[in-house]
Amino acid sequence: MDYTTIRYDVEEDGLLLLTLNRPDKLNAFTVEMCGELIDAYNRASMDDAVRVIVVTGEGRAFCAGMDLSVGGNVFGLDEAMAPTMDDLRTAPDDPAVLKGVRDTGGRVTLAMYNCRKPIVGAVNGVAVGIGSTMLLPMDFRFASEKARFGFVFGRLGITMEACSSFFLPRIVGVEQALEWAYKADIFDAIEAQEKGLVRAVLPADALLDEAKAFARSLVKDRSPVSIALIRQMINRNGAQATPWEAHLTESLAVFYTSMADGREGVRAFNEKRPAQFTGKASQMPPFFPWYDEHQ
Amino acid sequence: MDYTTIRYDVEEDGLLLLTLNRPDKLNAFTVEMCGELIDAYNRASMDDAVRVIVVTGEGRAFCAGMDLSVGGNVFGLDEAMAPTMDDLRTAPDDPAVLKGVRDTGGRVTLAMYNCRKPIVGAVNGVAVGIGSTMLLPMDFRFASEKARFGFVFGRLGITMEACSSFFLPRIVGVEQALEWAYKADIFDAIEAQEKGLVRAVLPADALLDEAKAFARSLVKDRSPVSIALIRQMINRNGAQATPWEAHLTESLAVFYTSMADGREGVRAFNEKRPAQFTGKASQMPPFFPWYDEHQ
Amino acid sequence: MDYTTIRYDVEEDGLLLLTLNRPDKLNAFTVEMCGELIDAYNRASMDDAVRVIVVTGEGRAFCAGMDLSVGGNVFGLDEAMAPTMDDLRTAPDDPAVLKGVRDTGGRVTLAMYNCRKPIVGAVNGVAVGIGSTMLLPMDFRFASEKARFGFVFGRLGITMEACSSFFLPRIVGVEQALEWAYKADIFDAIEAQEKGLVRAVLPADALLDEAKAFARSLVKDRSPVSIALIRQMINRNGAQATPWEAHLTESLAVFYTSMADGREGVRAFNEKRPAQFTGKASQMPPFFPWYDEHQ
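Chains as they are written, first to last, in the working numbering: chain H, 1 to 295; chain D, 1 to 295; chain V, 1 to 295.
It is possible that some hints are incorrect.
Because identical chains cannot be distinguished in the list, a pair is counted as satisfied if it fits within a single copy or across any two copies.
[What the hints assert, rightly or not] Keeping only pairs whose Cα atoms sit at most 20 Å apart, straight-line, the calculated SDA-like set for lysine to any residue is:
no. : residue 1 : residue 2
1   : Lys195    : Ile171
2   : Lys146    : Thr90
3   : Lys99     : Phe277
4   : Lys25     : Asp48
5   : Lys195    : Val174
6   : Lys146    : Pro203
7   : Lys195    : Ile38
8   : Lys146    : Gln276
9   : Lys220    : Leu68
10  : Lys25     : Thr90
11  : Lys183    : Phe277
12  : Lys183    : Gly14
By construction, these hints were calculated from the structure, which means they are not laboratory data.
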């Protein structure tokens, strides 16, 4: 797939730099960008040359939100339909439902949630609407001091999207999520850091280098299989109602990794040398994925 | 319904001031107050003249807890019964179960949880037992410097109620919830703020005005349909095991609002003017509620 | 059961001091220690002489992790098997699954999760791998200034265990859990406190006394039945998708305790005297446990 709204650049040490690339439109989100981002995250998941992903925006914005200047239903929805919850549950991939009903932002964030590689955000400027909500399934978020955020849906008479009603309260708590969503204001990087939305606010010219260095530090000398399992286990098991699902998946994960990269890891530990892992995220243990990848 | 234990006053800008009104009893909670609060929250949910709710107490207390001076089972329970989990699951609205077994505090907080309007607490004084636990399903909590709190059930040999075993760990974390519940001590507004139970501690004479101004700021120039959806989506989807439920409900919510208040919202945005929303919380999109309102 | 890897000492006021006791091996975890810890937590649960548990390590370490110096599969797993999620779900207690597949750390932390008594950690030194993850289901964690922590599985090419993929993100958030798990570094007690893993960092010679005093303060003059119910309700209901399960369990818990220790509690409150509770955690109300104790 050739991309026209994003760039996909694999750099040294397995770092994929994913760049939103419509700078003349402040990288505003479109249905086309939705498709390209889903493709890129799925491709990175299976590409063993990619170990970790950094996401940023070209030019002065990160992403100014959905492009509201397009004609027809600006969200790309098919207004002739009358969908129900039952329609979505039973046939989420029916083409009419997939293209005419399902939230484009959510389709992107579900692909990010399912990704086998850690995702680090480098928010270089304005990140509003889907620009803010596509940050939430990332593992880590860094902001430039020029970054601006806003969950502005309430101001437009619409609602949360991109699975942000799941992700946002889990990151900043129910109360802060409600406040940002009700008020629908734009806020700066300092507030984002104070409330836990981003981990650090950096000078604009240091942002990308620091985000990249951090990203590389996560995966250097680590097993890609172990990293992929840890990402899915923490994201998924931490939201379960009891520890039982964690116990089942951890049992199988330790079982299968202990006979693969774990064997080398223990040997290297006992021999006091760095481990040489050979596992690949494209070839996961037989119980993976243990979940419905829709979900 | 005429209220004898509370007051229901709709003020300008759609602000409902709900006042616990047994000042000579420090607004202690009774079975009668339970019924009146449920009625008031359900009524406010469907009353389009109400946009946001502020809750406070008359006199020097917010609510001193269950009135333990009444005769018989002080919690209003029917001691002749021998209920099981199965009884509650299969027939929660059987009159004998509803009146003789189900926790009165929980019936109130479930009505608050299901409410279509944001709820802001103005805790003017002592808030102990159900006085503390009825604060938890509120969206936002302000406290006077005279406020006192206490999850004192353990001291009485009973347990958490009013769904506080769900709400409290979600607000302050499992560890703090366990500490307050085990110790069962009274604590002051500063501790409540430091631990995240209240968002601000205010001078007693500024409390109500500040809580009201904050409440009005949440809903001014906003779509009541959008606000109601955001409230239910953040509260409910943030507690799901995966983002999938969020994706389904968000897809339908954006779909239907984009053809109603969202159309005006986008048009107003493009025309750089304030939006004039006409949606009503009493008339929600066809997929609403997507959940069992018991739950 | 006689213990060879731990000590089980019941002290005054119902305090059980549980000590990891392989000081010459830095209390490294073995399959034998797994069995003894499960036995000890289950025994403490049913032993009415035990009101609260403090856990510490003998000598200079708390627990240096799984003992990686043993022969064969160092995790004690049966490499001849090829287990699936279905195997674990349908027959978790099949001896071959229980001994050859299921994570030993998780079997311990599930016993801790199900325990009827509060658990307080006194982390006296190095706590790495299972040494860190066995802290997570504790109610409260104190650390000596000499304590060190590390979720080091990634470094070994394996994954989270001991249900830490459930517990850790619930305690410190998804982002911090991912960071510690990906990086797999050792960190000190100050970082553990700043990130919310431990509640206090104490001088080494004050640690155990302070942890014991805190533990005793939780249960003094409290009903053991009420304490056991509060522990299970906050841990379990706080992770449910809605408040409904909390309402059901709280209704039954208040119902049955109000006719037992709650009656004495209310009477003592009205008579302004300390309550004399007679309930026992070994004899819980009829609806207990309302959950599958596997989970």
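Evaluated hints:
1. Lys195 - Ile171: both (9 Å within a copy, 14 Å between copies)
2. Lys146 - Thr90: neither (44 Å within a copy, 54 Å between copies)
3. Lys99 - Phe277: neither (41 Å within a copy, 27 Å between copies)
4. Lys25 - Asp48: neither (33 Å within a copy, 39 Å between copies)
5. Lys195 - Val174: Answer is both: 12 Å inside a copy and 15 Å across each meet the 20 Å cutoff.
6. Lys146 - Pro203: Within one copy only: 8 Å inside a chain, 36 Å across chains, cut-off 20 Å.
7. Lys195 - Ile38: Neither. Shortest intra-copy (29 Å) and inter-copy (33 Å) distances fail the 20 Å Cα cut-off.
8. Lys146 - Gln276: Result: close neither inside a copy nor across copies, 41 Å intra and 32 Å inter.
9. Lys220 - Leu68: neither (41 Å within a copy, 23 Å between copies)
10. Lys25 - Thr90: Neither: 37 Å inside a chain and 54 Å across chains, both beyond 20 Å.
11. Lys183 - Phe277: between (49 Å within a copy, 16 Å between copies)
12. Lys183 - Gly14: between (40 Å within a copy, 16 Å between copies)
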